[in-house]
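**Student:** Chains as they are written, first to last, in our numbering: chain A, 79 to 288; chain B, 752 to 973.
Some hints could be false.
[Claimed, not checked] Simulated pairs of lysine-lysine, DSS-like, Cα-Cα distance not exceeding 27 Å:
{"#": "1", "chain 1": "A", "residue 1": "K149", "chain 2": "B", "residue 2": "K911"}
{"#": "2", "chain 1": "B", "residue 1": "K771", "chain 2": "B", "residue 2": "K936"}
{"#": "3", "chain 1": "B", "residue 1": "K830", "chain 2": "B", "residue 2": "K771"}
{"#": "4", "chain 1": "B", "residue 1": "K913", "chain 2": "B", "residue 2": "K830"}
{"#": "5", "chain 1": "A", "residue 1": "K149", "chain 2": "B", "residue 2": "K913"}
{"#": "6", "chain 1": "A", "residue 1": "K248", "chain 2": "A", "residue 2": "K265"}
[Unchecked claim] Estimated spans, in silico, between C-beta atoms of each pair:
{"#": "7", "chain 1": "A", "residue 1": "E174", "chain 2": "B", "residue 2": "P906", "range": "35 to 43 Å"}
{"#": "8", "chain 1": "A", "residue 1": "D97", "chain 2": "B", "residue 2": "P954", "range": "24 to 32 Å"}
{"#": "9", "chain 1": "A", "residue 1": "P269", "chain 2": "B", "residue 2": "Q880", "range": "36 to 44 Å"}
{"#": "10", "chain 1": "A", "residue 1": "D178", "chain 2": "B", "residue 2": "K774", "range": "47 to 55 Å"}
{"#": "11", "chain 1": "B", "residue 1": "E795", "chain 2": "A", "residue 2": "F106", "range": "42 to 50 Å"}
{"#": "12", "chain 1": "A", "residue 1": "K265", "chain 2": "B", "residue 2": "S924", "range": "37 to 45 Å"}
{"#": "13", "chain 1": "A", "residue 1": "G173", "chain 2": "B", "residue 2": "N934", "range": "51 to 59 Å"}
{"#": "14", "chain 1": "B", "residue 1": "I909", "chain 2": "A", "residue 2": "D176", "range": "31 to 39 Å"}
[Claimed, not checked] Sample of chain A residues at the chain B side, in silico, Cβ under 10 Å:
{"#": "15", "residue": "L94"}
{"#": "16", "residue": "W208"}
{"#": "17", "residue": "S222"}
Just so you know, these hints were derived from the structure itself, not from any lab. Each residue gets a CB set at the ideal place from its N, CA and C atoms; glycine is no exception.
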Amino acid sequence: MEIMNGRLNNGGNLNLVFDIYPLSNYYFSSKPGVSSKEETLGDRARRLKSNYDVHGMRTYVEAVILVELFKHPHLLLLQAKNCIYKLPGGRLRPGESDVDGLKRKLSTKLSADETQCQWEVVGECIGTWWKSDFETLPFPYLPSSGNNPKECTKLYLVKLPSSRDFVVPKNLKLLAVPMCQLHESRKTYGPIISGIPQLLSRFAINMVGS
Amino acid sequence: MVTSSVVNTYPLSSYSFGTKEPKMEKDTSVADRLARMKLNYMKEGMRTSVEAILLHNHPHILLLQIGNTFCKLPGGRLKPGENGIRFHLTINDHYTPFPPSDTPFCLAEIEGLKRKLSSKLAANSPNMQPNWQIGECVAVWWRPNFETIMYPYCPPHISKPKECKKLYVVHLSEREYFAVPKNLKLLAVPLFELYDNVQRYGPVISTIPQQLSRFQFNMIPA
Chain A
79 MEIMNGRLNN
89 GGNLNLVFDI
99 YPLSNYYFSS
109 KPGVSSKEET
119 LGDRARRLKS
129 NYDVHGMRTY
139 VEAVILVELF
149 KHPHLLLLQA
159 KNCIYKLPGG
169 RLRPGESDVD
179 GLKRKLSTKL
189 SADETQCQWE
199 VVGECIGTWW
209 KSDFETLPFP
219 YLPSSGNNPK
229 ECTKLYLVKL
239 PSSRDFVVPK
249 NLKLLAVPMC
259 QLHESRKTYG
269 PIISGIPQLL
279 SRFAINMVGS
Chain B
752 MVTSSVVNTY
762 PLSSYSFGTK
772 EPKMEKDTSV
782 ADRLARMKLN
792 YMKEGMRTSV
802 EAILLHNHPH
812 ILLLQIGNTF
822 CKLPGGRLKP
832 GENGIRFHLT
842 INDHYTPFPP
852 SDTPFCLAEI
862 EGLKRKLSSK
872 LAANSPNMQP
882 NWQIGECVAV
892 WWRPNFETIM
902 YPYCPPHISK
912 PKECKKLYVV
922 HLSEREYFAV
932 PKNLKLLAVP
942 LFELYDNVQR
952 YGPVISTIPQ
962 QLSRFQFNMI
972 PA
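Chain A with its partners taken away, still in its complex shape (with noise of 0.2 Å):
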């Protein structure tokens, strides 16, 4: 983006305002589970570490997705097991840009089929959280240690139609939460979803026909 002065320039990127739709416009249906990996905590540090040595830092990318309910916007999210709460989204493969990685794992995670990559994200990054290692906490700026990053969590905000049909992994639940329950429930959510309220505090979102 350019450094502008004087008048704004919509080149629509800033586009502040967007719709949601209640959650009863849209369907909601299960697939079979996607199998996930049974490890040992030693094994899974072991296999992130030799990704690092070869790729790098490992990003993710996450869909803020918003429905209206009660005239509240709701954030969509995935729960796994009991209290692990997730956001759409998923690891980027090396080389994968952030908008097509996202496309590919919200269809994975949301959809009927990998191959719908139908999804309408908006304008630019939302938020970064980076780890300095990959068992500490999220921090929203890069670690100051010098050391380099371990992975990195990107956040997008992505827009819905006015109707459309979810297809859910049978092991995942989808749940739509209420932004004031995420605004200080850091212990519920983690650092990341339950910042998000603010993070969307400069968009003015637009409740469409409730």
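We have chain A already, so just place chain B on it with the hints.
**Tutor:** Chain B only, in chain A's frame:
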């Protein structure tokens, strides 16, 4: 208004600091402040305040400290004519924080922020005014009642919020001269000190690191 997700930051040493006459706070206690806010609301409607995030170095933000502990961002309340929100059509009866960005009302808000910045941080003489480059809005906070609690969304069932506070990034140029009122201290606080430090800085300032996380900081050396 500057739109860019890249922010240039310069070392603290490239700025010069002087002092000027004190700017006393209008209220001596939180209760006084809320009472005055109520009076103003009855006269003028919802208060809009704008505050500035000025960054330098490996990002540090500039905060004004009053007394021994209370820190705030430079900024303040807009005058009724500068309030863009009042004249904006509410979409579906909900408060939206923005007028369309190319209408005169948004520019009035930007001009209001420049006025506040000059009042708090610039020398009084007219030929030493910094050229404030106001960037994007990064956060909006709403005050539903005459209390100190604010939220990053207008809570449901609140049709008459009492205050709307908008935080803007301000792009500093390489050299500036700041004149700080004698009763205030200007602090430069790194992002890692603000993050998660609600007790010291409050919910609005302590969450600025998250709101800045989407920008790329280009640290230009001395």
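**Student:** Could you work out which earlier hints the structure fails to respect and list their numbers in ascending sequence?
**Tutor:** Failing hints: none at all.
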